[in-house]
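Engineer: Protein chains in written order, with the working numbering: chain A, 350 to 570; chain B, 350 to 570; chain C, 2 to 293; chain D, 2 to 293.
One-sided excerpt, in silico: chain C residues whose CB lies under 7 Å from chain D:
id: 1; residue: V35
id: 2; residue: I175
id: 3; residue: N189
id: 4; residue: L193
Derived list of chain B stretches under chain D, where covered just means 3 residues or more per stretch with a C-beta under 8 Å from a C-beta of chain D:
id: 5; segment: 396-405
id: 6; segment: 431-440
Label-pair distances were calculated between CB atoms; the ranges are:
id: 7; chain 1: B; residue 1: D435; chain 2: A; residue 2: N370; range: 33 to 39 Å
id: 8; chain 1: B; residue 1: D435; chain 2: A; residue 2: P374; range: 32 to 38 Å
id: 9; chain 1: C; residue 1: E76; chain 2: D; residue 2: F100; range: 39 to 45 Å
id: 10; chain 1: C; residue 1: F290; chain 2: B; residue 2: N566; range: 49 to 55 Å
id: 11; chain 1: B; residue 1: K463; chain 2: D; residue 2: I244; range: 50 to 56 Å
id: 12; chain 1: D; residue 1: Y5; chain 2: B; residue 2: S357; range: 40 to 46 Å
id: 13; chain 1: C; residue 1: E76; chain 2: D; residue 2: D73; range: 54 to 60 Å
id: 14; chain 1: D; residue 1: Y47; chain 2: C; residue 2: E76; range: 47 to 53 Å
id: 15; chain 1: D; residue 1: Y47; chain 2: C; residue 2: F100; range: 38 to 44 Å
id: 16; chain 1: D; residue 1: A281; chain 2: A; residue 2: N480; range: 33 to 39 Å
id: 17; chain 1: D; residue 1: Y5; chain 2: B; residue 2: K533; range: 32 to 38 Å
id: 18; chain 1: B; residue 1: G456; chain 2: C; residue 2: I236; range: 49 to 55 Å
Please keep in mind that the hints were generated in silico from the structure rather than gathered at the bench.
Idealized CB from N, CA, C, for every residue including glycine.
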Amino acid sequence: MVKFENVSVDYLYSEGLKDINIEFPDKEFSLILGATGSGKSTLLRLIYMDIEPTSGIVEVGQWSSRKVSARKIKKLRRSVGVVFQDFRLIENMSVYENVALPLIIEGYSRKYIKRKVETIIDEIGLLDSINQKAGTLSKGEEQRVAIARAIVKNPFVLLADEPTGNLDPESSVTVFNLLKKINKLGTAVIMATHDYLLIKDAPYRRVMMDCGRISENQEIE
Amino acid sequence: MVKFENVSVDYLYSEGLKDINIEFPDKEFSLILGATGSGKSTLLRLIYMDIEPTSGIVEVGQWSSRKVSARKIKKLRRSVGVVFQDFRLIENMSVYENVALPLIIEGYSRKYIKRKVETIIDEIGLLDSINQKAGTLSKGEEQRVAIARAIVKNPFVLLADEPTGNLDPESSVTVFNLLKKINKLGTAVIMATHDYLLIKDAPYRRVMMDCGRISENQEIE
Amino acid sequence: MRSYYILKQAIYNIWSVRIPVAIAILTIGISLSVLMGVSEIIYKVYSTVEKVREEFEIDLFLKSDITSLQKDILERKLNNISQIKDYQYISKEDAAQIFYVEFGENIFDILTDNPLPESYKIKLYNKMTHVTIVNNVVERINKIDGIDEIKYHNDLLLLIEKYLLIVMVIGGAIVFVLLLAMNMFVRNTIKLSVYSRRDQIEILQLLGSGKLFLKLPFILEGLLEGIIGGILSGIILYFFHEIASDTATYLFDYDLKETNYIWSISIFAGAIVGVLASSASVNKFIKIFSTE
Amino acid sequence: MRSYYILKQAIYNIWSVRIPVAIAILTIGISLSVLMGVSEIIYKVYSTVEKVREEFEIDLFLKSDITSLQKDILERKLNNISQIKDYQYISKEDAAQIFYVEFGENIFDILTDNPLPESYKIKLYNKMTHVTIVNNVVERINKIDGIDEIKYHNDLLLLIEKYLLIVMVIGGAIVFVLLLAMNMFVRNTIKLSVYSRRDQIEILQLLGSGKLFLKLPFILEGLLEGIIGGILSGIILYFFHEIASDTATYLFDYDLKETNYIWSISIFAGAIVGVLASSASVNKFIKIFSTE
Ligand SMILES: Nc1ncnc2c1ncn2[C@@H]1O[C@H](COP(=O)(O)OP(=O)(O)OP(=O)(O)O)[C@@H](O)[C@H]1O
Ligand SMILES: Nc1ncnc2c1ncn2[C@@H]1O[C@H](COP(=O)(O)OP(=O)(O)OP(=O)(O)O)[C@@H](O)[C@H]1O
Ligand SMILES: [Mg+2]
Ligand SMILES: [Mg+2]
Numbered sequence: 350m351v352k353f354e355n356v357s358v359d360y361l362y363s364e365g366l367k368d369i370n371i372e373f374p375d376k377e378f379s380l381i382l383g384a385t386g387s388g389k390s391t392l393l394r395l396i397y398m399d400i401e402p403t404s405g406i407v408e409v410g411q412w413s414s415r416k417v418s419a420r421k422i423k424k425l426r427r428s429v430g431v432v433f434q435d436f437r438l439i440e441n442m443s444v445y446e447n448v449a450l451p452l453i454i455e456g457y458s459r460k461y462i463k464r465k466v467e468t469i470i471d472e473i474g475l476l477d478s479i480n481q482k483a484g485t486l487s488k489g490e491e492q493r494v495a496i497a498r499a500i501v502k503n504p505f506v507l508l509a510d511e512p513t514g515n516l517d518p519e520s521s522v523t524v525f526n527l528l529k530k531i532n533k534l535g536t537a538v539i540m541a542t543h544d545y546l547l548i549k550d551a552p553y554r555r556v557m558m559d560c561g562r563i564s565e566n567q568e569i570e
Numbered sequence: 350m351v352k353f354e355n356v357s358v359d360y361l362y363s364e365g366l367k368d369i370n371i372e373f374p375d376k377e378f379s380l381i382l383g384a385t386g387s388g389k390s391t392l393l394r395l396i397y398m399d400i401e402p403t404s405g406i407v408e409v410g411q412w413s414s415r416k417v418s419a420r421k422i423k424k425l426r427r428s429v430g431v432v433f434q435d436f437r438l439i440e441n442m443s444v445y446e447n448v449a450l451p452l453i454i455e456g457y458s459r460k461y462i463k464r465k466v467e468t469i470i471d472e473i474g475l476l477d478s479i480n481q482k483a484g485t486l487s488k489g490e491e492q493r494v495a496i497a498r499a500i501v502k503n504p505f506v507l508l509a510d511e512p513t514g515n516l517d518p519e520s521s522v523t524v525f526n527l528l529k530k531i532n533k534l535g536t537a538v539i540m541a542t543h544d545y546l547l548i549k550d551a552p553y554r555r556v557m558m559d560c561g562r563i564s565e566n567q568e569i570e
Numbered sequence: 002m003r004s005y006y007i008l009k010q011a012i013y014n015i016w017s018v019r020i021p022v023a024i025a026i027l028t029i030g031i032s033l034s035v036l037m038g039v040s041e042i043i044y045k046v047y048s049t050v051e052k053v054r055e056e057f058e059i060d061l062f063l064k065s066d067i068t069s070l071q072k073d074i075l076e077r078k079l080n081n082i083s084q085i086k087d088y089q090y091i092s093k094e095d096a097a098q099i100f101y102v103e104f105g106e107n108i109f110d111i112l113t114d115n116p117l118p119e120s121y122k123i124k125l126y127n128k129m130t131h132v133t134i135v136n137n138v139v140e141r142i143n144k145i146d147g148i149d150e151i152k153y154h155n156d157l158l159l160l161i162e163k164y165l166l167i168v169m170v171i172g173g174a175i176v177f178v179l180l181l182a183m184n185m186f187v188r189n190t191i192k193l194s195v196y197s198r199r200d201q202i203e204i205l206q207l208l209g210s211g212k213l214f215l216k217l218p219f220i221l222e223g224l225l226e227g228i229i230g231g232i233l234s235g236i237i238l239y240f241f242h243e244i245a246s247d248t249a250t251y252l253f254d255y256d257l258k259e260t261n262y263i264w265s266i267s268i269f270a271g272a273i274v275g276v277l278a279s280s281a282s283v284n285k286f287i288k289i290f291s292t293e
Numbered sequence: 002m003r004s005y006y007i008l009k010q011a012i013y014n015i016w017s018v019r020i021p022v023a024i025a026i027l028t029i030g031i032s033l034s035v036l037m038g039v040s041e042i043i044y045k046v047y048s049t050v051e052k053v054r055e056e057f058e059i060d061l062f063l064k065s066d067i068t069s070l071q072k073d074i075l076e077r078k079l080n081n082i083s084q085i086k087d088y089q090y091i092s093k094e095d096a097a098q099i100f101y102v103e104f105g106e107n108i109f110d111i112l113t114d115n116p117l118p119e120s121y122k123i124k125l126y127n128k129m130t131h132v133t134i135v136n137n138v139v140e141r142i143n144k145i146d147g148i149d150e151i152k153y154h155n156d157l158l159l160l161i162e163k164y165l166l167i168v169m170v171i172g173g174a175i176v177f178v179l180l181l182a183m184n185m186f187v188r189n190t191i192k193l194s195v196y197s198r199r200d201q202i203e204i205l206q207l208l209g210s211g212k213l214f215l216k217l218p219f220i221l222e223g224l225l226e227g228i229i230g231g232i233l234s235g236i237i238l239y240f241f242h243e244i245a246s247d248t249a250t251y252l253f254d255y256d257l258k259e260t261n262y263i264w265s266i267s268i269f270a271g272a273i274v275g276v277l278a279s280s281a282s283v284n285k286f287i288k289i290f291s292t293e
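Isolated chain A, as found in the complex (with noise of 0.2 Å):
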């Protein structure tokens, strides 16, 4: 469970989030809609623990932001899967060995990492570069791949920040379905978007944001 508790943060020129009370429960999928700039990226960014609160408590699971520490930020991002906004590879490296990280961290077998990695990047269509470096892939590549590391360890939750931006919308129907499967199999999902379209008709939770508060919180059954 994520749950948020009056929880604001400050920036220097805009609002930043501004009292977030809200809570993501297990399994749950959740999408985050909103304007460019109105704290999307910032609350998931709370959530994985790259920013702290200015004031109030993020909880994720059994982690607090009150009390933290190297090696609890370290347990908690390892059981987070987070899809950035900007895909963050690590450009010199091959599509494999990007997806391949989290579970090289977690200090898997090379065999069992060798299986999962490549049907992984099958399922997200790139097995054909599946040796090309990060650098040189197209933006739409270089998300999928951000997605499939995002997934590869089967996190308990999955954090994806506009995941399907510079996909061709069959590709994003592609990556959401894949979304959907993991999430029926029990990670709980928390994606931001602005592609309307793609959503329309699913029947998810969305939270509306606007200039750092939520303004709406609508679940759907």
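Keeping the supplied structure of chain A fixed, place chains B, C and D with the ligands upon it in accordance with the hints.
Structural biologist: Okay, now just chains B, C and D with the ligands, sitting in the frame of chain A:
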């Protein structure tokens, strides 16, 4: 006029471009469509001569890819505006400075630059963040800054690589209208996009790309 | 898999970021060779001075009418002077012999009588060959009966003490300053090399990698750079030895080839420096929150 | 506007990329102070040796029965020896006077007769104070009539020639090697500092910026870094002078404060080094196509 003659680009793992023949007349608005990895960005990069064609000739106005020199490419790039797919803002400069750069490079007066840059930043709706460092902007904001920088110098061709990928539908429409306006003023616009909804009713030429080839070149009056 | 990754990454890093790595290697190589070259020169000067000291001796020429009792007393007194390491009695015949060896002429060919006096050659302990101590010893010896003349090259000692020793001290200071400076250059270069890859460190942290995993590729990279830098420095030193060898033999009567093993020290030192510097550098870029 | 941008950018660069800039400044500062400090030491040793040389003289003691005609001939012959710069006649009275000054005793208090001989003090040209030349000169003088004894400290010259001069040569070599090494360190550091901002250079090129516009902010940055590094080195040298001042006065009889102006050279050198290095570094990252 931008003209491709039998242009191919070879990449290590993937298609790149194969035998492209196409003309983009002056003052026209063209849309480049196609799945991720189909070669849209490669096509655009050839126009601002960030890469060389492996074979064939690219002609942009008075410049030809057959006779390049540092001096000629400098001139060419000054008369072409580019919205890069990955924005390419200078992170530790402010929004103002990033947008002003092309004008500073051309040596305009300080007063002229100030007026021009402030107008355009207002137009893309970032006047509040004018002094914010580009590195701290949200992706959507970065994208709009990238657009502002591309159009600030009234280029004779404007290349826009997925300029609305990180924007919410509303901002996308604003940006698209801005591009239309610029086109009306006489600038040829070549825009690569995935946002079919946005361009649905636009009366512009559509170039469909597929695996490095042009699969359709459909002009609309 | 982790260790495979780490090794591969270290090698790959080196190749994919050639510029900073090449610079780090060059910096380590040049630093080490400058440092070790200068140290070696200073050491050679030092050992030359020591050799001059070691050869320092005091000659006591005895009166021609000295009695053997007086000689006994003299020897006993010499034994009592703690600064004296050793002395050697040279009889009139020994002196003639030495004269023959040194001048190639038999003294009896010139004179029928042997005019050379009996003498003692006195050696002091190495640490005692300082002008003031020597003067003191000479003074004590002077009081002994039966001595005609005392000869010793105190002016040489004076020179050593006034100039050469100073040069040594200055040389030591230079080496010390160089040590600090070179150490700083190597650390800074590696820090910059890591700095240019701070993105990678940040990404790995966002993926939950532990500190060690984060650091090991860089440490290994530092190790490899250090070893290559050390080899580079070894090669430079080798050529320095080749070039300077004749000069060194002439000046210091010293076979430079003897210290050719310096190249192995150089590699070892390079490795240590590389590891320490890269490890410390990565630490600078490890932080919990990206806003820190 | 361009120039405003360039200046602002240079200052801003320095602040926003503190780490590489601080490292560049430190590197320039330490390099300059090591280099200038070592050069100064070597120079001091050199000037001491020169002073010793300058003071070198040959004393000719004349026979007591020398006639004034013989003296005339002698002087004429001395004039003919081209290595001789100068000579000074010292009469018996002058000698007594010198004796008085040196020993504090009037010679006539001890003896009624003045036993001190007439003499000439000969100075050679500085360049001529080498063992072989001196021996040659002495040989020629020796052939002149009326000379009783020639005294000169050839052993000191020998020592200078065998050791001190060698130290000088070695010192010169050290300075030369340091010059190369430091130059490389500074260039590399600045190159790495520019390397960490190669994105910015690439972006500016994509926007059609000319070479000069691209380079000027970095050149200005190099200039500022060089000046600050030079000031740093000036401060280090200043303290080095303060600390070493007494020692230097004692050893070399040299007032270090005299060369305190070294800090200004240091700033000047820093500025030049900074500009050249940064200009060359940026060139490395200027290319037409991003695929090059
Ligand atoms: N490190 C920072 N320093 C200062 N301001 C920041 C920082 N990060 C974000 N902001 C500002 O906070 C606001 C919210 O940013 P955030 O990235 O959360 O927006 P977003 O909803 O993700 O937008 P987008 O849809 O464009 O990605 C923006 O106006 C942004 O400029
Ligand atoms: N520098 C490069 N080296 C190797 N392959 C490259 C390089 N640049 C692009 N490619 C490959 O060429 C193909 C076309 O790339 P391009 O960036 O033109 O696609 P795109 O149509 O712009 O895709 P997207 O919609 O994802 O941006 C991709 O498969 C990509 O992996
Ligand atoms: Mg965002
Ligand atoms: Mg593209």
